[in-house]
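Top line first, the protein sequences correspond to chains A and B. For the first sequence, this note's numbering begins at 248 and goes up steadily by one. For the second sequence, this note's numbering begins at 248 and goes up steadily by one.
These aren't lab readings, by the way, just hints derived from the structure by calculation. Since no wrong hints were added, every one of them can be taken at face value.
The list cannot tell twin chains apart, which means a pair is met if one copy fits it or any two copies do.
Straight-line distance between alpha carbons at most 25 Å, and here's what the computed PhoX-like set of lysine-lysine pairs gives:
hint, residue 1, residue 2
1, Lys551, Lys249
2, Lys249, Lys515
3, Lys541, Lys583
4, Lys565, Lys583
5, Lys485, Lys570
6, Lys254, Lys332
7, Lys342, Lys281
8, Lys448, Lys485
9, Lys443, Lys485
10, Lys433, Lys448
Residues per chain are reported as follows:
Protein chains: 2
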Amino acid sequence: MKTLDVKELYEQLDRYMGDLVCLQGWIRNHRKQKEFGFIDFNDGTYFKSIQIVYDDKLSDFDDIQKLRVGSAIEVEGIIIESPAKGQSFEVQLKKLVLLGDSPEDYPIQPKRHTREFLREQAYLRPRTNLFGAIFRVRSVAAMAIHEYFQSHNYVYVHTPLITTADCEGSDQMFKITTLDFNHLPKKADGTVDMSKDLFGKQAYVTGTGQLHGEAFAMAYKKIYTFGPTFRTENSNTKTHANEFWMIEPEIAFCDLNGLMDIEEEMLKFIVHYVLEKCPEEIAFFDQFVEKGLKEKLLKLVHSKFVRIDHHDVIDILKASDRKWEFTPDYDDDIAKEHERYITEYFDGPVFITNWPKDIKAWYMKVNEDGKTVAAVDLEVPGAGELMGGSQREEDYDKLLKRIEEMGVDQSTVDWFCNLRRFGGCYHSGFGMGFERLLIYLTGVDNIRDVIPFPRTPGNCEY
Amino acid sequence: MKTLDVKELYEQLDRYMGDLVCLQGWIRNHRKQKEFGFIDFNDGTYFKSIQIVYDDKLSDFDDIQKLRVGSAIEVEGIIIESPAKGQSFEVQLKKLVLLGDSPEDYPIQPKRHTREFLREQAYLRPRTNLFGAIFRVRSVAAMAIHEYFQSHNYVYVHTPLITTADCEGSDQMFKITTLDFNHLPKKADGTVDMSKDLFGKQAYVTGTGQLHGEAFAMAYKKIYTFGPTFRTENSNTKTHANEFWMIEPEIAFCDLNGLMDIEEEMLKFIVHYVLEKCPEEIAFFDQFVEKGLKEKLLKLVHSKFVRIDHHDVIDILKASDRKWEFTPDYDDDIAKEHERYITEYFDGPVFITNWPKDIKAWYMKVNEDGKTVAAVDLEVPGAGELMGGSQREEDYDKLLKRIEEMGVDQSTVDWFCNLRRFGGCYHSGFGMGFERLLIYLTGVDNIRDVIPFPRTPGNCEY
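Please build the complete structure, drawing on both the sequences and the hints.
The structure is reproduced here in C-alpha cells:
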C-alpha cells in the first residue's frame, strides 16, 4: 500500500480512485455523530483538507470518536467518490493509528483566530488555513524567482552577510561580535579594542549584497542574490522588519531601460507562476483577505507598465486637487500617499525614473543634467514601492567624487571602485524586498504575517 | 540584430551559424599577428570562451590591436565555422566598441595564478576559468537543491537568523547589537543592560534553522531551509569558515531509515543534475583539479550507500592493522582518519548510524538501549562528513530530561518542546553544509575557494 501526500491525491485523483492508501497528517476538525464520524484531515502538502469518514462498524469506533483536533494520525482508507457537496472524493476509513495526541487546550481550534493572536503562536500558525497558504505561497514565489533567473542564464551568488564594508552607513547595520560585553578589551585611550575581535576589526551584518553582486556581474554578466538582509531601524510599522529577504540582480551591459524590461518581465513571470501553482491559495486570499486579488494579479500579467520621470510625477501630483499631507516637491522623495495616487492615476504599475540625486545612493549613475540619477522605483497598486534600482556609476572618477560628497569611507570600498578600472562597463541592478512581493501576492498587509518568525523592535521570540 | 549570451550560441549553434550577432563581454586573451588578431572572448554565461578573429581590412585594425586583457567590449560579427582545431565555430569581427578599458597591471592575466594569490583578489577571481567554474557550479547545485525539494512537495522555509533561542550553545553564536561598545548602558550591578538593545535582550545570529524548521514540518510534513549560517569557531583549517550556507530538511512521519532514503536520493539527484548542466566545468575540474572526479561522481549516482552502526564501524577500525593517531573508541566520535578509512573500506558513501548519545545533540531520539541516539552521519569518499541528521526525540518527557542533562536553557526552547504536546509525531531531519557538497563536486579542497567572499578568523575583507 502506498503512503501518499495529500497533494498527490488531489493531482492524480483518477489514478488513486478506489485504491486503499495510507495517509499521515493532522486532524483539523472532527465532527461526531452517533453512528458516524467525519475527520477533516490535512498533511500540509496541499491547501485543501480531505474528509475521512468512518462508522461504528470499526471495532475501535469509540476510541476514534475521542480523537481531538490537532492530533497526528496515520490512516488507511479507500478513496471513494463523495456524496458531500463541493468535494470530489473522500476517504473511507479502514484503520487509524494515533501518533501524537493533542490536549483540550490546543491553541489552534477550528474557529476564527485573530492574526494578532496567531502572531503570538508563530510556531503553530502555519497549521491554519491562512498562514498555511501564506507560507506555501512564500515557498512557491521563491522558486519562481530561482526559475526565472536560472532560465535566463543568471548566476545565483551568495554574497556575504558579515561585512566590514560601509555599504550604506554603518549606523544602519547590526554590529556582530564574539567579545564579552561585560569584559571588553580596552585600548590605551580607554575605547574598546576591536582588533581583539574574531575578524580583527568591527564587523557588521549587512543590509545589501549589491556591492559584492556587482563584482560578480563583471564576471558573469548576469547575477542575482536571494538571501536574508538586516536593518536596525527602530520602527514599528506594517512594512518594517529587522530581518527580511531580498533579491538583488545585477546586470552588466544593461542601462536603465533594459533594467525596467527585466523588472517587468520578472514580476509578470513570478505572478503568473504563483497563479498557476497556487490556485487554491489565491482563491482563498481573494475570498477572505483581499477581494479582487486574483483579478489584480491577472491584470498585472497582461498590463504594460508605465514609465515616467520623477519630475513628471511631481507635475501630476501638483496638478491634482487632492489635499496632500506632504507637499510634492521636485527635489524630494515621494510619500506613501503620492505612491498610491500615482498607481491609481495610471491604474497599474508605474516605473518612476530619474530621481533627484541628493535623496538616492552614492553608487547611482549621475545623469547628464548633473541633478538627477538614473534610478528607478517600481510602484505597484496596493503594495507601494516593490523594487528600487538604478544604472550604476561606471566612471571611476565620478564615483570617487560621489563617495567624497556623500561621506562614504572610501577605504572600505576601494575594491568596488576598482571594478570601474578593470574592464568596467555600463551596468544596472535592482533590489526587491521579498516580503513586499508577498504582501502584494497575498493581500496580507502586515509584514509580520508573511515572515515565518518575524523580528521587529522588542520582538525576538522563538 | 540579436544580442546574445555566449551560452545561447553554444546551445543553439545551428540556429545562429552564418548570422550577424552582437555579443558583450570581456577579453580573456589577445594574440596579435601582423595582419590578423585573435581575441578570446568570454561573457561569463558559459564556461568556454569564443574566438573572435579580425584582420587588417577593418579600418580600426590598429586600435583593436591595442586592446588589453580584461577590457569590456561589444562586438558585432558573423558566426562562421572555425578552421581551428578543437572549436566548432568562431566570430568574424565586423565591428568592435571598447566599453571599458583595462590597464597593463590588471591582476588577472592569462597565465596560471596560485589560488592563494587569487584569494586575495576575491572580487576579481570569478573571471578566471577555475573560479568561474566553481561559482557557476555553486549556482547550479543550489538550483538542483531547490528543484529536488520543490518537486517532492517540500515547503521552503526562511527560518530566522536572528534568535534568542539557545539552539546549540550561545557561546558558539555571534552576538548582535545596535548598542555603542564605547557607551554601553549599565545596570545597577555594573553589568551591561541588554534590555536597552533593539530586541530588549541579547540576540544572536544563529548556526541552525532546525528548531524553527521542526515547527514548520509539524504543519507542512516536509520542509527544507537553505540559507546562510554562522559559527564563531576560531579555527583556521581548510574546512572551517565563519559564514557558510546550510540546507536543513525536516520531515514529519519519517524515521531514521526513511531519512537515509531521502539523503541518498537527494544527493544522487544533485550530482546527476550538476553532471548534466555543467559538463564543461566538470571536465575542467577532472583535468586540472581532481583526476577521476567525473568517474567518482558517476559512480556515486549508481551506487547503493552502505548503512552501518557506529559500533560496527569501531569494530572494523579496531580490526584494521592501520596505526591510528586517535584510538577508535565505542563511546567516542570518529576522527578524520577513520572517516577516510571507512569510505575506502566500503569503496563508496557510508551512512554511520546510532551514535553514543553523549557526543550528540540534545534533541536527538534516544534509542531503546538508553546509550545511543538515532543519529546518522553520511561519509563520502574525499569529502568526509557531508550530512548529519537524526530522528528527533518526539517524547515530551524524555526531551525535557535530555534538556536538563545537557544544560540547555529550557525557557528559550519551551515552544520547541511544546511541538511534542500538540500533535507531535516521529520525525527526522538532517543538515548538509553546502560548501562541503561543493568541495565534493569540484574537487577543490579549501572552503575559502568555494565561497564567493569567505569569512575566516582575521579575514573579513571586501
